[in-house]
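Kindly generate the complete structure, drawing on both the sequences and the hints.
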Amino acid sequence: MLGNFRRMMDIAVTVTFFLSAIYFSLQVIGDASEAIKNVDRQNQNKDRNMSQTLKITQERVYTGAEIINSLRLLPSLKYDILVEGHQFTSADDPDDVTLSMIIPTKQYRLIEARDDAGHIKRLAYQ
-4 MLGNFRRMMD IAVTVTFFLS AIYFSLQVIG DASEAIKNVD RQNQNKDRNM
46 SQTLKITQER VYTGAEIINS LRLLPSLKYD ILVEGHQFTS ADDPDDVTLS
96 MIIPTKQYRL IEARDDAGHI KRLAYQ
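Residue numbers (our numbering): -4 to 121.
Just so you know, the hints here were simulated from the structure itself, not pulled from any lab data. Note that the coordinates shown come from a computational prediction; the quantities given were computed from them, not determined experimentally. One or more hints might be untrue.
Listed next, the in silico DSS-like pairs over lysine-lysine satisfying Cα-Cα at most 27 angstroms (straight line) [claimed, not checked]:
id, residue 1, residue 2
1, K116, K73
2, K101, K116
3, K73, K101
This is the structure in structure tokens:
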């Protein structure tokens, strides 16, 4: 009887060790999987940030028609607009301004002049 009890205890201890080893290995596999996912996610964020940093923005091109349309807002603007050497100020009346020198289909590039505080002082279209 004592021999059977000892054999049952050996089997119970062996099964307990076996189940503990399986549980421990599953924990290690799960932790390693989570670590790999976190590293991959961090690398994707770094790649995304690098891509956004290296992306060169193209300067916006405006048509003459867009410039003519924006000149209607002259009284409300706090800066001057310069189009190919012709200056328009906020004191100008939009109805009295001659716009014949602006070609509606021509493409213009914008150059902004800002003061020390970062406020726009002048928009120059060339």
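These are the hints, each one checked on the structure:
1. K116 x K73: 8 angstroms, holds
2. K101 x K116: This hinted pair holds, its Cα atoms lying about 24 angstroms apart.
3. K73 x K101: 26 angstroms, holds
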